Amino acid sequence: MSTPRRRITVVEDSMLHRGLRLVRAAAVVGLVYALPYLVEPFRLSQITGACTYAIVIVGLNLLSGFGGQVSLGHAAFFGLGAYTTGILTTKHGVSAPVSFIVDIVLAFVVGALVALPALRLKGIYVALVTLAVGLIFPALVTKFASLTGGAAGLFGVEYGAPNTAYFGGFNGDTLWHYWLVMIGLGLSCLVVRNLVRSRFGRGVVALRDNEAAAIVMGVRRTSVRAVTFGTSAAIGSLAGGLFAVTNGILTPTAFSLLLTLYLLAGMIIGGTGTFWGPIFGGFIVYYVPVWAGDLSSVDSGSNLAGVFLGAIIIVITFVLRSGVLGLLRAATGLVFVLQPRIPTHTTRAPAEHAGEAGDVARRPGGPTSTPADDLDVPVRPDASSRI
Amino acid sequence: MSKKLVVRALATLAVVTTTAACSSPSSGGGGGKSTPAGTSGTSSGQSAAQKAAAELGIDLSKCPTDITKPLSGTVKIGGTLALTGPVAPALAPLLVGEKAAVDDLNATSGLPVKFSLTVKDDQFAPDKTAVAAQELMQSDKVDFMSGTVGTANVAAVEPLAQKYCVPLIPGNAGGASVDNPKKYPFTTLWGSPSYVDVKGWFQYLQEKFPNGAKVALMTANTDSGLNYLAAANDLSKGTKFQIVSKTTLDATDTNAPSSQVTTMKASGANVLLASVSPGPQCASLVNEVAQHGWKPDAFLITNSCSTLALMKPAGAAAQGVMTNLWLNDPSSASAASDAGLQKILAAIKKYQPGQPINGSTVSGYSVMQVFFKAAQQAAQSNLGLSRLGILYAAWHMTFQTAAWVPGLVYSMDFPNDVVNLEAEQLSSFDAKAGQWEKIKIYDFNGQTTGKASVPS
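Residue numbers (this note's numbering), protein chains in the order written: chain B, 1025 to 1411; chain Y, -17 to 438.
Accuracy of the hints is not assured; some may be wrong.
[Claimed, not checked] Examples of chain Y residues lying across from chain B (beta carbon under 8 Å, computed):
no.	residue
1	P46
2	T66
3	D109
4	A112
5	Q120
6	S121
7	T133
8	A138
9	D205
10	L208
[What the hints assert, rightly or not] Some chain B residues judged to face chain Y by a derived CB distance under 7 Å, without partners named:
no.	residue
11	P1065
12	Q1070
13	A1250
14	N1271
15	I1273
16	A1316
Read the hints as simulated data drawn from the structure, not as lab findings.
All figures in this text were calculated on a predicted structure; none of them were measured in a lab.
For glycine and all other residues, C-beta sits at the position ideal for the given N, C-alpha and C.
Construct the entire structure; sequences and hints are all you get.
Structural data, given as structure tokens:
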């Protein structure tokens, strides 16, 4: 009895498809630019906080979502960046941008080193190795109090806004912090997106899906895993550096194991192994406790904030199994239907071929395609499954 | 690929151009419009306000709103507390006391305005405290902040209080680093500073051991513990008291501090000074010292452990352990006959019926009591009931609350005395009765400014 719903069919890579993607990109850029004019400064601070978490989750998503390795140590990498920036800027007079670069390099090295023992391990065992990192970090901060301020905290981390009219107002610092974090988030997303869509990224995904097959195909497990871990840690560390300059105060409790668990929950709820999911994840990690706190403030007597927080997470997990992004995709699917571009047999020179890696990744099977996509295998028009 | 690049480049260029062309959004949003102070009120009030502001080191022209304007209608007080997270069970009861106090004192204090309290969750994390405080100041447009707990958390609010000219009266912290009236005159504090607690210890030691003693010092690896360590290092300098052993304990440690007690005992110390985190560690340390058969000539423990509920589990082992009491514990034997404390308890029962009442609830009430007392004093002063008036009063006020042990007084006289509580009651634990027995009151009023606060 039901009539088929009328939907707009969009052919992949058609003008309409490209136009829609351009509209989406423009909407995001426009939103980022317009937000300071639309919301109150405290809300902008909250968004800045949420996007800082989003950056860590973008990094975590590279390792866990695309790479399939669960890390319980990402709060530590986040903290490593925060304290590196904090110590360098307050005690050694290093400028904040330089300290960000140090954060990235340092965390990449530490991350790659942590990856080494984790190389031969899978799943829960990798998690255990990283758990050690997550547990040691706050303890180290407390022990080396002369350097880190210990449990009392490290104060006065600053990165002053440039002396321009745009940042010159009463809330100039809030605005400056917002833009710093937005730029950080944009860069992190670009790095992960380009990495995952490259030959390297397909190696990462292949190792996740079938390690033996990936190695047979020529994926260098050691270097791929180490670089993935290092990059993931470096992104988390950059977020830490931004966290330090936007908050000004660092205490070891801010980088506890609990935060890692929140980040993992955010990644899953946002949408694992997706490009936009981590951003939703960051907002969820930040805002759910805020809402839960507000709810319990209504009636101070019954402090049910913890219960609210748990309930919200359970509801989201049950209702949105594929994450917030899955919901959005389903919603978009009610209006648009994407028809995959029909792959054709091509004969191209290897050099030209290398430059088209991005296009290959957008074939049916998308970013989760195996390195076999690199082969110019004739594909039947109806073949929408992976090779 | 190249087409995409061009599109991206164009989009970026467009954004940059628009950015340059548009005005700054930061000048418009929040914070209120910039009004030169003193445009309202009489000329004599104006000069009094300017004099008071100058004395406190406040530049009225930098305030986004006029803080000399008389308050009217309902005045908003904002607060931050840990309502979620691991510390919430310990700190959330403060809110019950604060809310009861606001309702009770609105009804009884005879002020021409009513105060309302909005508290936001900060999970005890300084970064969240800062964002919550910012939201309260910008969105809820609170006129005052009050009751933020923790030294690092108060440190997060201080610069915002300064920027928005929203006084924090009082912050609930014992660290000397945040009692900094020269830099942050908009922040006053409430409660016993760590430095004063340690000063009481050393006062007692000098009376009891005129020839000196060997001291073992145990501190928590926390913000508060570091304050105790710094104070003990400072106060032992140049005395006959030698700190022969320093040990630390993590706040999260659930095991008995066996190795620390072994180390301290082996050091030959005959005095034990301990500042552990309030909680099971208090009784755990006391028990451990007894089990090691160590009987120091004096065992003084932080006043954070003075709550009877924390000491009673140690049983007979706690006999003779000393502390510097300052909070009037509703579960103490003397509480029943303390009319002032009973009045507070009755108010909490009336306005927050069914809520559990403990020492934290009473201290929450007391935090607000300090605020209302300052408001009453301001209303009678020539500054009147304004933000500046109440802030000025809080810095120049002597006030006795029944929430503190009888004989202890809140007393500040800016800039010579900027430490609110400088007295405490040295007490010894009577294990049989399960109560603290008063030894004597130490009063250092006016002596700890620059030590329990940032030196000016």
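- request: Mind listing which of the numbered hints don't hold for this structure, in increasing order?
  value: 13
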